[in-house]
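Construct the entire structure; sequences and hints are all you get.
Per the working numbering, the very first residue in the sequence shown carries number 144; after that it's consecutive.
Since the hints were made in silico from the structure, they are not lab data. All figures in this text were calculated on a predicted structure; none of them were measured in a lab. Take these hints with a grain of salt, some might be off.
[Stated by the list, open to error] Subject to a maximum C-alpha distance of 20 Å in a straight line, what follows is the list of computed DMTMM-like cross-link-like pairs (lysine to aspartate or glutamate):
no. : residue 1 : residue 2
1   : Lys347    : Asp322
2   : Lys193    : Glu333
3   : Lys213    : Glu348
4   : Lys260    : Glu210
5   : Lys347    : Glu210
6   : Lys183    : Glu348
7   : Lys233    : Glu218
8   : Lys305    : Asp316
9   : Lys256    : Glu203
10  : Lys305    : Glu264
11  : Lys213    : Glu189
12  : Lys187    : Glu348
13  : Lys193    : Glu348
14  : Lys283    : Glu236
15  : Lys233    : Glu206
16  : Lys376    : Asp191
17  : Lys193    : Glu210
18  : Lys256    : Asp294
19  : Lys221    : Glu236
20  : Lys233    : Glu203
21  : Lys327    : Asp316
22  : Lys187    : Glu373
23  : Lys240    : Glu206
24  : Lys362    : Asp322
25  : Lys304    : Asp294
26  : Lys362    : Glu192
27  : Lys256    : Glu236
28  : Lys239    : Glu205
29  : Lys240    : Glu210
30  : Lys347    : Glu218
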Amino acid sequence: MQSKLKETFIINLIIIVMLCVIGGYSQKESVSVVTDFENKPIYKVETDEKTISLMINVYEGEEIVLEYLKLFEKENIKVTFFIGGCWAAKNTELVKKIYDAGHEIGNHGYNHKLHTKLTSEQSQNEMMRTNSLIKKITGKSCSLFAPPSGDVNSTVVLDAKKCGMATIMWSADTIDWRDNDVDKIYNRVERNLTNGVLVLMHPKEATLQTLPSIILLAKAQGYQFKTVSEHIK
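Structure, rendered in structure tokens:
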């Protein structure tokens with residue numbers, strides 16, 4: 144009888160240990176996924192929902208930015224502006240206006256330098272200089288970094304992480320900085336319109352002309368507009 148009880152005890156103990164091991168393994172796997180996610184640039188959001196983020200990289204185009212704000216207010220959507228520090232320094236009131244309108248502000252470096260060509264110290268200085276300025280203007284630091292010219296590698300991603308930011312790329316590029324063409328801009332968004340898409344644009348006249356059609360297209364297909372932070376969390 145005692146032998147039987149002892150055998151049962153050992154079997155139950157083995158089962159408990161195995162369950163703990165499995166549970167511990169699953170937890171480690173979860174942490175690993177999160178760590179990998181934080182150490183890679185984000186190109187799109189993996190989701191089953193119809194969601195879209197408009198991202199505007201800004202180093203110029205004050206008048207276009209003002210028109211964007213009017214359009215977004217009319218359409219009742221929020222977007223993410225990635226702002227260059229040197230531009231923010233010259234346009235503090237406009238940066239405040241963007242923030243007060245409920246839009247998200249991300250970090251786009253200070254002087255539009257290629258961060259892969261900088262030392263980590265230089266790269267982080269560009270980021271933190273911009274973050275300090277944005278916080279001074281809005282009261283809030285940036286949590287997202289968009290590398291100027293999309294120039295990124297693992298070191299840049301790590302530098303941004305050390306500055307408290309995730310690195311954001313894109314899954315639909317309008318290439319509006321190069322092509323002043325309404326049809327091309329529209330088509331580049333249309334053919335890349337999928338769940339979790341991140342759309343890159345700039346303050347350009349052709350983009351301003353195209354945006355109402357892009358917004359109409361997305362809404363007609365049931366897409367919900369979110370800021371990048373809302374999207375990725």
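Evaluated hints:
| no. | hint | result |
| --- | --- | --- |
| 1 | Lys347 / Asp322 | holds (10 Å) |
| 2 | Lys193 / Glu333 | holds (14 Å) |
| 3 | Lys213 / Glu348 | holds (14 Å) |
| 4 | Lys260 / Glu210 | violated (35 Å) |
| 5 | Lys347 / Glu210 | holds (11 Å) |
| 6 | Lys183 / Glu348 | violated (33 Å) |
| 7 | Lys233 / Glu218 | violated (28 Å) |
| 8 | Lys305 / Asp316 | violated (27 Å) |
| 9 | Lys256 / Glu203 | holds (15 Å) |
| 10 | Lys305 / Glu264 | holds (11 Å) |
| 11 | Lys213 / Glu189 | violated (30 Å) |
| 12 | Lys187 / Glu348 | violated (26 Å) |
| 13 | Lys193 / Glu348 | violated (28 Å) |
| 14 | Lys283 / Glu236 | holds (15 Å) |
| 15 | Lys233 / Glu206 | holds (14 Å) |
| 16 | Lys376 / Asp191 | holds (14 Å) |
| 17 | Lys193 / Glu210 | violated (26 Å) |
| 18 | Lys256 / Asp294 | holds (9 Å) |
| 19 | Lys221 / Glu236 | holds (19 Å) |
| 20 | Lys233 / Glu203 | holds (10 Å) |
| 21 | Lys327 / Asp316 | holds (11 Å) |
| 22 | Lys187 / Glu373 | holds (13 Å) |
| 23 | Lys240 / Glu206 | holds (13 Å) |
| 24 | Lys362 / Asp322 | violated (25 Å) |
| 25 | Lys304 / Asp294 | holds (16 Å) |
| 26 | Lys362 / Glu192 | holds (13 Å) |
| 27 | Lys256 / Glu236 | violated (24 Å) |
| 28 | Lys239 / Glu205 | holds (13 Å) |
| 29 | Lys240 / Glu210 | holds (12 Å) |
| 30 | Lys347 / Glu218 | holds (19 Å) |
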